[in-house]
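*Asks:* Those protein sequence lines, which keep their order, are chains Z and E.
Counting along the first sequence from 1, when you hit position 168 you're at 168 in the working numbering, and nothing is skipped either side.
Counting along the second sequence from 1, when you hit position 108 you're at 108 in the working numbering, and nothing is skipped either side.
By construction, these hints were calculated from the structure, which means they are not laboratory data.
For each residue, glycine too, the CB sits at the ideal point set by N, CA and C.
One thing to keep in mind: the hints can contain errors.
Per the computed footprint, the stretches of chain Z lying under chain E, defined by three or more beta-carbons under 8 angstroms from a beta-carbon of chain E, are [unchecked claim]:
| id | segment |
| --- | --- |
| 1 | 116-125 |
| 2 | 196-207 |
A short list of chain Z residues far from chain E (calculated; beta carbon distances all over 10 angstroms) [what the hints assert, rightly or not]:
| id | residue |
| --- | --- |
| 3 | 24 |
| 4 | 92 |
| 5 | 103 |
| 6 | 113 |
| 7 | 155 |
| 8 | 186 |
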Amino acid sequence: MSAKQTAIESSNMENNQPLDIRMKTRDLSVFYDDKQALFDVNLDIYKNRVTALIGPSGCGKSTFMRCLNRMNDYVDGCRITGKVRLDGFNIYKDNVDTILLRQKVGMVFQKPNPFPKSIFENVAYGPKIHKLTSSKDELEELVMKSLKRVGLWDEVSDRLSSPGTSLSGGQQQRLCIARAIATEPEVVLMDEPCSALDPIATARIEELIAELEQQYTIVIITHSMQQAERVSDYTAFFHLGKIIESGDTSKIFNDPEHQKTKDYIGGKFG
Amino acid sequence: MAKYEKLIRATLLSCTMLSVMITVMVVASVFSETMRFFSNVSVFNFFFGTEWSPQTAIRPDQAGGSGTFGAVPVFLGTFLVTLIAMAVAAPLGLFSAIYLSVYASPRFRLWAKPVLEILAGVPSVVYGYFAVITMAPMLREFGETIGLSIASESALTAGTVMGIMITPYVMSISEDVISAVPKSLSMGSLAIGATESETVKKVILPAALPGIVSALLLGVSRGVGETMVVVMAAGMAANLTINPLESVTTATVQIMTLLVGDHEFDSDKTRAAFALGFSLFIMTLILNIVALIIVKKYRERYD
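Just need the whole structure built from these sequences, with the hints factored in.
*Replies:* Here's what the structure looks like:
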């Protein structure tokens, strides 16, 4: 059991009350044309906690994640049944403003994807779209705050106008995280955020996730068991479109209930 | 085996050398004729003279014994027709490219793009017919209903039809460059909560801009060099005008009329064609270089 887990459990015991649920899915099924990709997935995502989604490629983790901010809307032939709630509100209701939804549920992608714009403009992109600031000073303040939050400010403060693509891979990914949190979201989705990064940059992002957890609810997809164990509080194991097992990360990793979970974590398949 | 490789290599090399040499010879012959033309006619008169009447009389002592070669009306006509063509082709081509690459379903794109590209294969003489038989009467009638008199051969007719002709090129190249913008960029923008049109305007188009600029410049080059449509629809008279409703002539039309028929290639009249051709060549060369510079500049900034 990691030190972090112990700390969380003890704080839980201190409060001695159940954690707030920020998002939950009920009987969530996803179809691509006629092919079903997710089967009745039920998962609670707790506020200010990191939830890791693990499982072999093609198991539906990414499909599940894209349901949480409705990015599946842009996948042709994708159909969804069941419910996804954000703070108790069903985000698949007909009149939902997906623009507002995506302000509240930000996303970081597998490969760093800074826009072909300056570092400043990359971070300012969301706030400008959602008109979060009313003056140039406020916008600059928000950009600075976001860059500081991801620990990038000291590295780029003297070259905010140079292109975001001129940064190193790890810096680019932190820039993308800064871009995502600049819209002041509640939930941040991360789809294998470290898979394109070297170990040092990966460690840096993992530290960052631990810091961000205080303020945001984080869902992360990862193929690295060590990473899931290091950064997450809760883990859900997906296999062939179903959640086989979910719960406390320490429980999943040390004492899984299902043989499949045990095999996957032990590296026997996947 | 080594011998075979050598043979292949030699064949490929000689083909390359041959095409380079042909290009050099074409440019050289046009250049030397142009130089001979300019030994009789002053460069200043050619580029700044406003009267174009190259048809000389048979005997020098008759009226109009020597032609006047002020090419301004010709270049102005070329410019006007190309401008009208681009006013049609740029929005039509660009917007349909955006629709096809961003909004259209893959199924729709699968058949719509080839259909539009077929338009690029229609011979330009067919577009010429279209201009004369359909577009010119249509524009004239439309002009009458709003009280404008449009000449049957007008810059507007030629430019519009040329624009329709260029549209598939602009569309096809723009569609390629817009589709080449990484999907991850537009997904990133949508995931932040931008709408599709915001994503197009703020992320996709800026990223695709160098390619779009070269698509447009390529369209301009085609317009400048296009002959058949303007021969049939624009007219022969070298009017010095920027009124699109009047008849104008273009460099390509003049080259053609100067060289059609039995001529000896030793008069100022026929050499004037080479001077025009050489000017066109320089113009399109500059356009291509400008396109290259723009593309390079953006590559440096964004890759």
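*Asks:* Determine for every hint whether it applies to the structure shown.
*Replies:* Okay, the hints, checked on the actual structure:
1. 116-125: holds (count 3)
2. 196-207: violated (count 0)
3. 24: With a cut-off of 10 angstroms, residue 24 of chain Z remains clear of chain E, as the shortest Cβ separation is near 21 angstroms.
4. 92: The assertion about residue 92 of chain Z holds, with a minimum of 17 angstroms to chain E.
5. 103: Violated: least Cβ distance 5 angstroms, not greater than 10 angstroms.
6. 113: violated (4 angstroms)
7. 155: holds (20 angstroms)
8. 186: holds (13 angstroms)
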